[in-house]
Each structure stands twice: as C-alpha cells, then as structure tokens.
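Make the full structure from the sequences, and use the hints.
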Amino acid sequence: MSAITYTVAELADRFGLTFSGDGTHVIEGVGTLAGAGPSQLSFLSNSKYTAQLTATRAGVVVVREENLADCPGAALVARDPYVAYAQIAALFERLPAAPPGIHPSAVIAAGARVSGSASIGPCCVIENGAVIEDGAILGPHCIIGEDCTVGAQSRLVARVTLVTRVTLGRRVLVHPGAVIGSDGFGLAFDRSASDHGSWIKLPQLGGVRIGDDCEIGANTTIDRGALDDTVLEEDVRLDNQIQIAHNVHVGAHTAMAGCAAVAGSAKIGRYCMIGGNAGVLGHLELADRVTITAKSLVTHSIREPGEYSSGVPLQDNRQWRKNAARFKHLDEYARRLSALEKDSNNE
Amino acid sequence: MSAITYTVAELADRFGLTFSGDGTHVIEGVGTLAGAGPSQLSFLSNSKYTAQLTATRAGVVVVREENLADCPGAALVARDPYVAYAQIAALFERLPAAPPGIHPSAVIAAGARVSGSASIGPCCVIENGAVIEDGAILGPHCIIGEDCTVGAQSRLVARVTLVTRVTLGRRVLVHPGAVIGSDGFGLAFDRSASDHGSWIKLPQLGGVRIGDDCEIGANTTIDRGALDDTVLEEDVRLDNQIQIAHNVHVGAHTAMAGCAAVAGSAKIGRYCMIGGNAGVLGHLELADRVTITAKSLVTHSIREPGEYSSGVPLQDNRQWRKNAARFKHLDEYARRLSALEKDSNNE
Amino acid sequence: MSAITYTVAELADRFGLTFSGDGTHVIEGVGTLAGAGPSQLSFLSNSKYTAQLTATRAGVVVVREENLADCPGAALVARDPYVAYAQIAALFERLPAAPPGIHPSAVIAAGARVSGSASIGPCCVIENGAVIEDGAILGPHCIIGEDCTVGAQSRLVARVTLVTRVTLGRRVLVHPGAVIGSDGFGLAFDRSASDHGSWIKLPQLGGVRIGDDCEIGANTTIDRGALDDTVLEEDVRLDNQIQIAHNVHVGAHTAMAGCAAVAGSAKIGRYCMIGGNAGVLGHLELADRVTITAKSLVTHSIREPGEYSSGVPLQDNRQWRKNAARFKHLDEYARRLSALEKDSNNE
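Chains as they are written, first to last, in my numbering: chain A, 20 to 366; chain B, 20 to 366; chain C, 20 to 366.
If a hint is listed, it holds; no wrong ones were tucked in.
Since copy identity is lost for identical chains, a pair holds within one copy or between any two.
Within a straight-line C-alpha distance of at most 30 Å, the following computed DSSO-like cross-link-like pairs (lysine-lysine) qualify:
id, residue 1, residue 2
1, 341, 67
2, 286, 220
3, 341, 361
4, 67, 220
5, 341, 286
6, 347, 361
7, 67, 286
8, 286, 347
Think of the hints as simulated: they come from the structure by calculation, not from any bench.
And the structure:
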C-alpha cells in the first residue's frame, strides 16, 4: 500500500491557503501538535495551545495569520484553521475498499433496484421496492427494508437497518447499529379490554426522510412517523445512541451529541445544538439556533435563540445530600422568607 | 398490489360503531384531520382540534357522540375514538410478506425446533434447543440462542438477538437491534487479587421471561437474571433504547418511554408509566399505577399510585447558572432562614 | 448432557476454603438462599439476609466465619463469600459450544489472519488486516473490520462490530450489539459554506485499545480516536448502552453502570465507579477511586477520590412542581435572605 503524500505547496494550492516556509516539504499524514513528526501536518485552532505550537515537531502547521510568528517551521495560513485541517485530514483517511458490485452472500429481492456503481457488502439483505442509488456503499450486514431508498454516494458503514419507507438523501453517512424507520411508540389504552384495560398498538404508517449530508451515529434509533413522516433536513449531525421518536422534525445543520433524545412530534429548528443526553419532550417547538446544554430536559417550547439549561451542580455526596434534602422544602422556604420580609417591613 | 378498501358501513359493522352519513362511501386509508382526503378516514380524540374537524376533507371521521355535530361529512361514533381509530388503522397496515419456511441463507442447528408455519428470514441463526412456535416471524438477521423460545405469532422485525434462556410469549413484537438475555452486570470485587484488587464476574445463570403481547423497542436491552429470571408480564410496552437490568420484574400493562432504565432486581408494578430517560435504582419496588415523569430518577420505593418527578426547570443559561450556583448552598440558606426566624420571634 | 457436580469438600479444596458439615454432599448448581434446594449451593454476603440463612434448604452455603453458627447445614467459610460464590458459580455455567474452526457461512478476507484454535460463528465477516488470536470465540454475526485484533481467549458473544483499528486484549468479553471503533463525533463548522454555514466532518484517524479482561455490555458504543486512540485499560467493566466518545481514557478496574456516557477526551481514573446514566463532560479528568452516583453530570474535573452527586430528590408531582418552580428564583431568594440579615444586624 503506497503512502498518500502531498507537498505543503500542493495543500496550499488545493485549499486556497497561503504558506510560509518550505513548499516542497512532503506531508504523509496528520497529528496533534504534541505528537506530530516532520512528515505530518498539525493545526492550532485554540490559542490556549500556543505553547504546544512553539514546541511542535510537525512538518507544517495550519494556523491563523496571528499565530504565524509562533510557528517553528512551515505553516499554512487559514481564516479557520480547524475547517482547513478537517479538509486536509480527509485526504489522509483510508476508507475500506468498497468495489462496485454485490457480494455473493448478499440477499437481494427480485423487486429491489441496485445501481451498478453501488457496493453491497457481505450478508446485506435488500427487500422489494428498495432502491440503492449510484455510488452508495453498504458495508456488511446492512438490511434495507421495503420501499427504502439509499441516496447516491451515501455510506452505511456496517450493520445498519432501514426498516421501511425510509429515504436517505445523498452523501448520508450511517454508523453501525443504527436503526432507522422502526415503529414509532404509538399506543392507545383500551379501558374496555379484559382485566382493567390493555394497550392497542397504533400502526405506524408514515416513513422517515433524511436529507443530504446527514450523519447518523452508532446505535442511534429514528422511528418512522405514525401518519406523516419523521424528517431530518440536510446536514443534520447525530452522534451515537440518540433516540428520535416518530414525527420529529429536525431542521438543517442541527447537531446532537450522544444519547440525546427527542420525543414524538417535537420540532427542532435549524442550526440548533443539543447537548449529550439532553431531552426534548413531545410536541414542543425549538426555534433556530437554540443550544441545549448536556443532560438538560426541555419541557416547554423555546421561541428565542440562545443557550438553555437545567440541572444542579455536582458536589461531594455528603454536601449534596444536605442540599438535595432541602430542595424538597423550597416552596416552604420561599413562603417563610416572604413572611419574614413582611414582618420586617411592618416593624 | 390491489388497494385495501372498506366502506364506512363495513367499518361500523366490524368494530361495533354507529355511523352517520353515506355508509357506502369507500375508504382506502387513514390520515390526519388536516391531511386526509375523501378516500381516507381520520379521527378526533382531543377536543382542542375541533377546528380541524370542521375543516377536514376526510371521507369519514371517528368521533365521540358529542363531536358529531361538528363533522362536515360521514362519521363513525365511538366511545373512545383513539382506540377505534387504532383498530381501524391496523386494517390498512401493509406488513412485509413473511411466507412460511426457512430462507436458504439461515443457519438452523440440528437441535432447534422450528414450526412449519413459522417464517425465518435471511441470515437468521437458530441455535440448539431453540423453539420457534407456530406462525412466528423472524425477519432478517435474527439470532436465537440456545434454549430460547419464540412464542406463536410473535414477530421479530429484523436483527433481534435472543442470547440464551429467553422465552417470548405469544404475539410479542420485537424491533431491530434489541438484545434480550445478555449477561446481567454482576461483579464481585476481589480485594485479594494482584495489584489493588480486580473484578470477578458472576455467571448469569437465569433467563428472561416475556409475557404475551409485549412490545420491545429498537436497540432496547434486557439482561437475563443472575439466578432467577428477569420477567416482563403480559402487555408490557417498551420503547427504544430502554435498559432492563437482571432480575427486574415489570408488571403487566406497564409502558416505558424511550431511554428509560431500570437497575437490577427492581420490581415495577402493573399499569405503570415510566417517562423517557427516567431511571429506577436497583432493588426498589414501585406500586401499581405509578407514573414517573421524563428524566426523573427514582431513588426510593413507591408504595402509593400517583405521579412522581424529580429535576429542575429549564431556563436561559445565564439565569440558570445563577440559580444552580445557589443550589450548592441550600442547606446553609435554610439554616440562616431558621436563625432569622428565631431572632425575629425573640424580638 | 451430564450434570456438572462437585462435592462440598472438592469445592473447599479447589478454592482454599474450609468447610463444616458433610464434605461428601454433592452439589449440582447454585441458587438463592430462598430458592436453593439440597443439591444447590448458596451464599450469604450481606448480614441483613441472616433470617434467610437460618431458613435455607440449600445443600451448602458460603458464609463468613461469623455467620457459621446460623448455618442450618453444610457451610463453606470464606473471607469474602461473594467472591468465593462468584468463583464457584462459574463452574456451573454452561457456555454455548464453540468448536474451533470457521463456520462455512462466515466471510473471511484473504488478508485476515485467524488462529486455528479460534471459533468463528455463522455469518461473521472478517476484513483484511484483521487478526483473531488463539482461542478467541466469535459468536454469530460478528464483524471485524480492517486492522482490528481480537486477543486470545476473548469472546464476542454475537453480533459485535469492530469497525477499524480496534485492538482487544486477552479474555475480553463483548456482548451483542456493541459497536467499537465507530467514527468519533468530530465536526468543524464552516461559516463560509453556502447558506449560513454547514458542518465539515473531521476524519477519525485513531483507533481503540481495550485492555485484558475488559467487559463491554450490550449495545454499548466506543468511538475510535480522532488522532490518538481511545483507551480502556485492563479490567474495565462496562454495562449495557454506555457511550464512550473519541479519545476517552478509562483507567484500569473502573466500572460503569448502564447508560453512562463519557464525552470526548475525558480521562477517568482507575478504580472509579460511574453510576447508571451518569455523564462526564468532555476533556475533564477524574482522579482514581472516584464514585459518581446514578444520573449525575460531572461538569468539572475531580481531583480527590470520593463520592460525587448531582440531581434533586424524587417527590410527588404536585409537591415537586411547587419546589421546582421556586428553583427558578433561588438566586433572588439568596439575595433577599442576605438583605434581611443585613437589616436584622443593623437594628
């Protein structure tokens, strides 16, 4: 396997950056400021690591203009070094080979349509009415249920399940264990049933539409809609183990960190950031550009952009126990405080 | 594929409802009040949507007697329109074909017993001692481990794993990615081990028993018991990504929303409702008809039916930070308040 | 299948315990104090169950010296009965047969290296550059991606995915649905992109290193590092549905309960205990021997061993609502309290 190499000048040219130092220097990979060697590229995005910059052995560093002076060797100057680094680093990523064609162990229904340029890995199962578009890559063990579409150039890394009526746009990336299009959790309680009543399932007749350039993390679940569809607009980025309930609508460019959960029919705006293990209750609406911090629970709709939080701070367990016990009497304390104030004013 | 159709009169007859309007009107599907067209049925369950009822184009609407006057067209009258709608909508659901028989790519151990009326999908693996009863449907990629039983008419949608000693009742529905019967998390800390001690695993020798008519969501995990079994009684409904630890016992008709978690040996009553991402600590008992709101943590047993909560409200991050910082001193504030009251009384 | 049997004396001899009563008594399994019969062994670890000990029908009970007098029959005396029980119970566990060799339905790349003593189950997929060491067991449907190593005697129960650049040590146990080595969630926001900006993915070029004797629960996800590796040292024990983000480092002998989550680049010490659904924010450091209680969120680094908590207690919803509403004004209350004190002092 031959190494992937670029000269500093080639990288500058490719991404429209300027460089200082030796443009012929050859780069074979990327690394951290602390760990990169002379054949590697690194970057400085956060000025608090400037000390690491001055000490780095990296062959070239992507920096802002203002940090150029602190660069010990070659530099590439970018308005946003993190973005430029992301683009350059992608050149050095080695994705698993995915030759066009269908692995002999895959099971393709007669009524499925698979593009000749798609790559279908071992043990994939593709049901009737499914469409796999040009250049799509299905790693091993993917299951594409009836009436699902995998858009052009999308990649299902491995063991992804699309249950039914799921449409992925173009360049969608889905990680292992994700389940998209499973039944929404819709139940009616039938009081007249034997015993003291029991549950009746509502059939989940909608689908899921996922826009271009979305990313869906490992073991994330996205249920299909009850009647209408569950929707992710383009460029939505979901981390691992996220739960998206039926009929949720997520606006474009919104990102959610691991273990976040959105209950049924909630509508999340564009450019939102939902922190790790944060939750949004059903039927709420969040405006564009709302940020929810980790583990917060959204219990009412949010009309204004901004950052929102709930929760209480971590403390040593002994101290915390005392404070937590007091929480149970907060309402009483507030009343007693008001009473004291009244007394005080009346004196 | 011919359409599924019913007349309004046929639907009334089938579910014991009365109708008003044209009984010969043909219905081909269901939809929301806002979206349904003349060939579709809709329903009104919550009176706050009465405005949508008067404007609906639906061919027929399931309503309570009291809403009949607001129906612009044909109506089916039900005591509980949501339940009636659920029953009717099920008629229009198209489930994937599941012909009896075993897909040639499935791997069935010699010591497994599979009913001739069961449907076993591609790449399923069925181990020795497993039993698949009449009419059970295993979608693609299900793994049925040793000594597991899938009850009659149960459906494992796809990629479900039953590890060992798992018994599913009849008509159990399990969604993709669910893992049932995995090892409980049982560890003993051996202080005498090298270093400063290390963990010893407790073998998990029990199983899992799941009652009739249960539903298990996508990527939900249910561990098998350490000695006795983990048990879900009948008609328990679990949403996605729920974690049920070893030796938990869940009473009949209890429902849990996504990402709820129940720790080892907890006993949940019948007809409980556990909110999304709520947690129950180990060895606790919850009475029948207990409701836990989303993201609450149950830290003590609950003897009385009712609704229980923990957590603090969401606020703008700036305001929240101020209040959260004060939480760390709640105990001190309570003492200072009491001291002030004492002073005030002594004056 | 012949029964596994040991006499009381054999068990004492094997684990260096002393016994009292009939050493020739034959034991065929283990059970709880309440449930075990004469052919079964039980144990008493927690003195609060002493009443069960006096009433037990178990053939032999593992007890501390101090509980020997309460034993109705034969006893094995151990310094730590729970540890001794764990060791003994393991003798009675029947693991599924895993004969060396490769199941014909498995798909092994030409460039993979599989030990002759390893057992590769149905439908496993092993990619180029993967190494399966001696005595390793892969249950059905495991996917071992490029450049992954499964250490000697490790067991992947079923349907485990190692994505790429994952190294498991020896005797690692991984439960179904776990995904190890998936892409870390690394994104740069490109403000210059069309519209109002969009996300650019950072390639995740690192791997995952998992030490000897680790256990990884069902549907747990562990992302690979962005540049350096994500690391679990030896004897780390992860329950189900845990999320470990990229570049996290977990010290040896640390255990995490179900649904815990650790954000990127956090460093957890040795011998830590992370409670169920607890969270640790990114880039934080936790010292050795830190315990975090269930559902707490760690928002700052912890330098001292000890137990830490956040959250508020569960209450009846009506009471809780009143207290929770007051939380939004805590800062104001604290100010008003101080003002009153000032008034009081000035009088």
